[in-house]
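Colleague: Work the whole structure out from these sequences, hints included.
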Amino acid sequence: MYSHDGPAQVLKPAAGGAARKPRSSVAFGFGSPADDSGVGRLDLNDILIRHAQATFLMRVAGSSMREAGLDDGDLVLVDRAITPLHNHVVIAIVDDGFVCRSLVTQPHDVRLCAADASVPDIVVSADTGLQVWGVVTHAIRSLPV
Amino acid sequence: MLALVDVNNMYVSCERVFRPSLVGRPVVVLSHNDGVCVARSNEAKDLGVEMAQPWFQVRHLQRRAGLVALSANFELYGDMSNRMMTLAAAYAPRQEIYSIDECFLDFAGVRGNLTLLGRALRAQVLQWTGLPTSVGLAATKTLAKLANHVAKTAERKPGSYPSQLAQVCNFGELSAAQLEAVMRATEVGAVWGIGRKTGARLRDGGVHSVLDVMRADPVALRRQFGVVLERTVRELRGQPCLGVDEAPDANQQIMCSRSFGEPVTSLASLTEAVSGFASRVAHQLRSQRSVAGAVQVFLSTSPFHRQDRQHSPSATLALRPPTADTRLLAAAATRTLEAMFRPGHRYVKAGVVLVDLQPHARTAGEPDLFGDDTPQPATGRDRMRLMRAMDTLNQRFGRGAVDVASAVRAARRPSSVARQEQRSPRYTTRLDEVITARA
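Residue numbers (this note's numbering), protein chains in the order written: chain A, 2 to 146; chain B, 527 to 965.
Incorrect hints may have been included.
What the simulated footprint calls covered on chain B by chain A, stretch by stretch (three residues with Cβ under 8 Å from a Cβ of chain A suffice, anywhere in the stretch; the number is not a length) [as the list claims (entries may be wrong)]:
hint, stretch
1, 609-615
2, 654-664
3, 952-960
Simulated from the structure, these hints should not be mistaken for lab results. Ideal Cβ positions, reconstructed from N, Cα and C, are used throughout, including at glycine.
Modeller: Structure below.
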């Protein structure tokens with residue numbers, strides 16, 4: 002598994018191609034997994050969740066975000082620790098309900114846009130402001146099996 | 527320096543994270559079987575709703591003032607509590623979880639501006655979990671608790687204290703004159719450990735403010751009120767008297783937790799510890815003649831061992847019917863532990879909390895018509911006698927002389943369904959109850 006902050010590590014054979022015995026402490030660039038008894042099976046919690054205390058699951062209802070990769074019935078991971086930025090898919094509070102939309106910040110306004118162009122944008126008025134509940138980081142879709 | 531961090535109106539705040547329509551409205555949370563108010567929003571407090579007030583006395587406010595009543599959702603509160611506690615733990619070398627919504631942080635050895643640290647903690651908990659907290663900083667537990675009271679009151683009632691004390695109040699950075707003004711403005715009954723009766727007696731004796739009691743002669747106080755009040759006054763004067771486990775009991779809950787000397791990795795050791803905690807809290811529960819409606823178990827790894835995989839779960843199981851039976855409580859706690867435990871983690875702390883407490887008399891002998899009919903190992907009366915016998919033996923031969931064997935696993939499985947009419951979904955612990963977002 003790659004860390005979230007650093008670039009992915011790439012494994013290449015040593016130059017010269019000689020069969021050099023890898024030293025476990027450096028060969029993988031991840032510390033020393035080979036002799037660390039603490040290494041276990043890949044865990045989706047580690048892979049998908051960056052901020053465990055700030056992450057919540059929600060269910061998507063509706064298909065206006067299908068083009069953005071989120072469909073009706075998908076489970077999404079929502080991370081409240083991430084500061085919402087332009088083009089993030091967010092969960093916003095609109096009329097006391099939770100709405101999933103792309104956040105679009107423009108010089109003169111902030112709006113919530115569906116991926117489906119026929120769905121009107123929700124323009125955030127200056128007096129109510131925008132309440133972003135959290136940023137969507139992953140979508141999980143169950144396939145028929 | 528110590529900090530007392532707690533969530534403002536915890537249960538109501540948890541509900542509001544997932545139901546924005548409740549923000550700004552008067553809200554109360556009702557205990558098991560919807561009997562009494564166990565949490566109130568500030569708006570409900572302003573309507574005059576008292577803590578532990580029976581619901582039927584305030585029901586009329588639903589129509590008249592838009593009061594919203596919700597049934598307690600301890601699974602949700604337990605999970606939100608765990609998120610908050612885990613975040614707070616990273617701010618100080620030592621954390622002592624005091625109740626479902628408050629913990630002490632010990633900053634011994636930490637340099638820097640603790641007020642700023644407190645503000646950072648508050649901001650992080652608010653952003654990450656949606657829960658508003660108050661932070662009180664001072665030299666002793668009693669003072670930290672009082673500073674927290676000031677932080678909360680300054681925010682809720684503007685004008686009661688200087689506005690810069692709102693949300694995060696650090697007694698350590700006030701001048702002697704400022705501190706004196708705060709103590710003069712604070713009623714003596716607000717002090718942790720001074721109950722209603724003692725407060726009334728103090729007022730009869732002319733002691734009204736915290737400043738009054740701080741200036742009273744400790745020896746005279748001891749003669750008249752006993753050693754507990756004397757200790758409280760010493761704490762108010764900045765002399766630490768309360769050790770780790772010596773805090774007065776939190777309202778509405780009983781807790782036992784411990785940091786392990788060495789990290790624990792095996793389920794067997796954790797089971798033993800948790801089972802022991804359950805026995806202790808059960809004993810305390812019976813000594814106050816109460817039963818518990820839910821049990822919370824938490825575990826945590828050390829946030830300071832950054833190379834360790836972190837896992838700090840917490841889960842809450844509703845008990846139906848509410849019980850004070852050590853075996854049932856221990857069984858519920860160990861089952862919860864087994865469900866949370868993940869091999870390969872180095873746990874440094876565990877705890878058991880009993881919540882949703884209610885007087886035993888109300889439920890004694892009452893047949894549970896809606897419960898499942900699993901045959902019980904003994905009748906209720908025999909069970910109470912057995913528990914009494916256990917308590918006596920433990921008192922005589924020391925705590926733990928008689929305990930529940932691991933046979934507890936076979937004990938009756940408590941149903942997790944409670945009779946609660948207005949309970950909100952368990953948004954964070956049940957997949958079929960998560961929030962739906964429209965897209």
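Colleague: Could you run down the list of hints and mark each one as holding or not?
Modeller: We went through each hint and held it up to the structure:
By the rule of at least three residues with a Cβ nearer than 8 Å to a Cβ of chain A, the coverage given for the stretch 609-615 of chain B holds, with 4 such residues. Under a criterion of three residues with beta carbons nearer than 8 Å to beta carbons of chain A, the stated coverage of the stretch 654-664 of chain B is upheld, 3 such residues being counted. Counting residues of the stretch 952-960 of chain B whose C-beta sits closer than 8 Å to any C-beta of chain A gives 4, which meets the bar of three, so the coverage hint holds.
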